[in-house]
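A.B. asks: Please build the complete structure, drawing on both the sequences and the hints.
Number of protein chains: 2
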Amino acid sequence: MIALPRPYLVFTGDLRNEVNAKTAYGVRDWAPESCAGQWSLPGCTIDLALPVLTPAEARAKGVKSLLIGAAPPGGALPAHWIGAVVEALEAGLDIVSGLHTPLGSFAEIAAAAAKSGGQLIDIRHGQYERRVGTGIKRSGKRLLTVGTDCALGKKYTALSITRAMQAAGWDASFRATGQTGIMISGEGAAIDAVVADFISGVAEQLSPDAAPAHWDVIEGQGSLFHPAYAAVTLGLLHGSQPDAMVLCHHPTRERINGFEGYRLPTLTQAMELHLPLARRTNPDSRIVAVALNTKGLDEAATAAAIAAAGSETGLPAFDPIKHDLSPLLAQLETL
Amino acid sequence: MIALPRPYLVFTGDLRNEVNAKTAYGVRDWAPESCAGQWSLPGCTIDLALPVLTPAEARAKGVKSLLIGAAPPGGALPAHWIGAVVEALEAGLDIVSGLHTPLGSFAEIAAAAAKSGGQLIDIRHGQYERRVGTGIKRSGKRLLTVGTDCALGKKYTALSITRAMQAAGWDASFRATGQTGIMISGEGAAIDAVVADFISGVAEQLSPDAAPAHWDVIEGQGSLFHPAYAAVTLGLLHGSQPDAMVLCHHPTRERINGFEGYRLPTLTQAMELHLPLARRTNPDSRIVAVALNTKGLDEAATAAAIAAAGSETGLPAFDPIKHDLSPLLAQLETL
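As given, the protein sequences belong to chains G and A, one line each in that order. Oh and the first sequence: position 1 is 1 in UniProt numbering, straight run, nothing missing. Oh and the second sequence: position 253 is 253 in UniProt numbering, straight run, nothing missing.
Hints are computed from structural coordinates only; laboratory data are not their basis. Just so it is clear, CB atoms sit at the ideal spot from N, CA and C, and this is done for glycine as well. Be aware that a few hints might be false.
[Unchecked claim] Just the calculated beta-carbon pair ranges, DEER-fashion:
1. A:ARG286 <-> G:GLU254: 25 to 33 Å
2. A:ARG138 <-> G:LYS295: 30 to 38 Å
3. G:THR252 <-> A:ALA110: 38 to 46 Å
4. A:ARG286 <-> G:LEU275: 42 to 50 Å
5. A:GLY117 <-> G:GLU108: 47 to 55 Å
6. A:ARG286 <-> G:GLN205: 31 to 39 Å
7. A:THR54 <-> G:PRO78: 35 to 43 Å
8. G:ASN257 <-> A:ARG138: 20 to 28 Å
9. G:ARG279 <-> A:ASP284: 47 to 55 Å
10. A:GLY169 <-> G:SER311: 51 to 59 Å
[Said to hold, decoys possible] Sample of chain G residues facing chain A (criterion: CB under 7 Å; computed from the structure):
11. GLY133
12. ALA193
13. ALA196
14. ASP197
15. ILE199
16. SER200
17. PRO227
18. ALA230
19. ALA231
20. VAL232
21. HIS238
22. THR281
23. PRO283
24. LEU315
C.D. replies: See below:
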């Protein structure tokens, strides 16, 4: 488990590509109260509409860490960004990174951190207790987002549901399982970086015993239908013991993203596969709704996709970004 | 992937408990040609019926490594065994260990290895290429043992089938996925120690493209029904892309070993869950037989268990340790 020093100064290097800055946008959109400012290198075209601050100015305003809000192609830290990280350490900030390369593997960064006493926090290499799952039922209620593929809205759906629950006065926590989610919530476990033997054990720790009416809304990862990542998905599913699953789907995607030989399953196939696996660790687990990612569809196409999903599954369907979630909450209240 | 220096001098410390020496027995039973001798400390009651050799004598006879054939409770190396490991290094041997504690974390062992140039090979911390699965079909044929629980015969079944294939003149390889299996075959990947994101990618590397008639017989791990280890099982299943699965079962075990809240599934339930998951990466995957662990059952009880399994599943059933496997081979020849 990781707890991150906030607020952040969000750093976007010299990026010119919004897709590579998705971590920065995700944190700004979902944790604006944790984002005190933005900082970049000359040439950067990303504007998060946050106050522009140098590390020294940010430190003076109470900022705790520099967040590297970029995923450059390859996931490595570009060499010409190292000076900026060193400058932030010298200004008294910690560094938060979700890149694959550990921050401490750069000699200049390691030396600057040793001198300043700043923490180097690599989210993908985070701390968690390495223990195997127990399969023992925990108190409180849990919702897990699951999906027919990667990268189709499991995190945004979980965040939207958490926000709707909190707005309705419910006792609810978002539980992050990936790097951007962790940066948004300030804590969590990068579940895909866990040694396979311990994945359901870490998932169990992520949503511990809670008050009976408390909801943990757990960010799903991967897909049971994904030829590379299904193991991550199943370990998270077994350890989460969800009372409710929301099935996330992309109505116009036909193939698993990046795996052309693999068709997306139908919603029916997804329901049939998830239920017996989920019920192994929680016999009362059920799929309560379908969340569609209808980004780019107009109103008529969105309505048609929602209607088709509802008709196929017999479940309520919605786009969590476009639609009101109070019907879902009413349904969850009956569980 | 790991390739181990053999033959071994099998070391059993001062063990007095046969269960804790199961690695030593497994290696002796399944790779006798790799076991040149045994060595122990005063007080040990384990006798593998191998020549008793000191490390220096073993080295003179061409032994390449000391194999720590013991799993003491807790999986740690007892402090009073360190001197023996150092003696083996000084005699010119490498060290092979499947314990959780890395050999190099003991200062005396690290120093002795640095001085002798001996390798410290920790199987659970083995090398493999960290890459995600591709889901792309590979040439050659693959059989994977799967099961209703851990520790009921998946390794022994895979080894028995490999041996039967080789005895029949087939081109077949045993593919080890756990520490004892690796020590037996001399290579493999400890799949439960792989970072979750890479588990199917490592499983793909473990049974690479092969000649069309070649069989890889892959040691299964865990169970899809296991509340702690199902993720390991699914990643191995997806990456293995088995043409044939042999379903291993214990006819009298009622509960998942060590998880009292979890019943063993029926064979029917196991078939229903394995097939759709296996067919995701190999649409032609099928369960070809049931392998029962009937150790401790008399002849009549064994026959009754075999008949019940065959009747429930409609598949051939056998105990791979007690029965002739030529009917299975005849069946596999038709795939």
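A.B. asks: Could you run down the list of hints and mark each one as holding or not?
C.D. replies: Right, here's what the structure says about each hint:
1. A:ARG286 <-> G:GLU254: 25 to 33 Å: Because 27 Å falls inside the window, the suggested range holds.
2. A:ARG138 <-> G:LYS295: 30 to 38 Å: holds (36 Å)
3. G:THR252 <-> A:ALA110: 38 to 46 Å: Violated, at about 57 Å.
4. A:ARG286 <-> G:LEU275: 42 to 50 Å: violated (23 Å)
5. A:GLY117 <-> G:GLU108: 47 to 55 Å: violated (34 Å)
6. A:ARG286 <-> G:GLN205: 31 to 39 Å: With a Cβ separation near 38 Å, ARG286 (chain A) and GLN205 (chain G) satisfy 31 to 39 Å, so the hint holds.
7. A:THR54 <-> G:PRO78: 35 to 43 Å: violated (56 Å)
8. G:ASN257 <-> A:ARG138: 20 to 28 Å: holds (22 Å)
9. G:ARG279 <-> A:ASP284: 47 to 55 Å: violated (28 Å)
10. A:GLY169 <-> G:SER311: 51 to 59 Å: The hint (51 to 59 Å, Cβ to Cβ) holds, given that GLY169 (chain A) and SER311 (chain G) are roughly 57 Å apart.
11. GLY133: Holds - the Cβ of GLY133 (chain G) comes within 7 Å of chain A, reaching about 4 Å at its closest.
12. ALA193: holds (6 Å)
13. ALA196: Where the cut-off is 7 Å and the nearest Cβ of chain A is about 5 Å from ALA196 (chain G), the hint holds.
14. ASP197: With Cβ-Cβ at 4 Å, under 7 Å, it holds.
15. ILE199: Hint on ILE199 (chain G): holds, closest Cβ of chain A at ~5 Å, below 7 Å.
16. SER200: holds (6 Å)
17. PRO227: holds (3 Å)
18. ALA230: Constraint on ALA230 (chain G) satisfied, holds at 5 Å.
19. ALA231: holds (3 Å)
20. VAL232: holds (5 Å)
21. HIS238: holds (6 Å)
22. THR281: Where the cut-off is 7 Å and the nearest Cβ of chain A is about 5 Å from THR281 (chain G), the hint holds.
23. PRO283: violated (11 Å)
24. LEU315: violated (20 Å)
In this structure, the earlier hints numbered 3, 4, 5, 7, 9, 23, 24 are contradicted, and the remaining ones agree with it.
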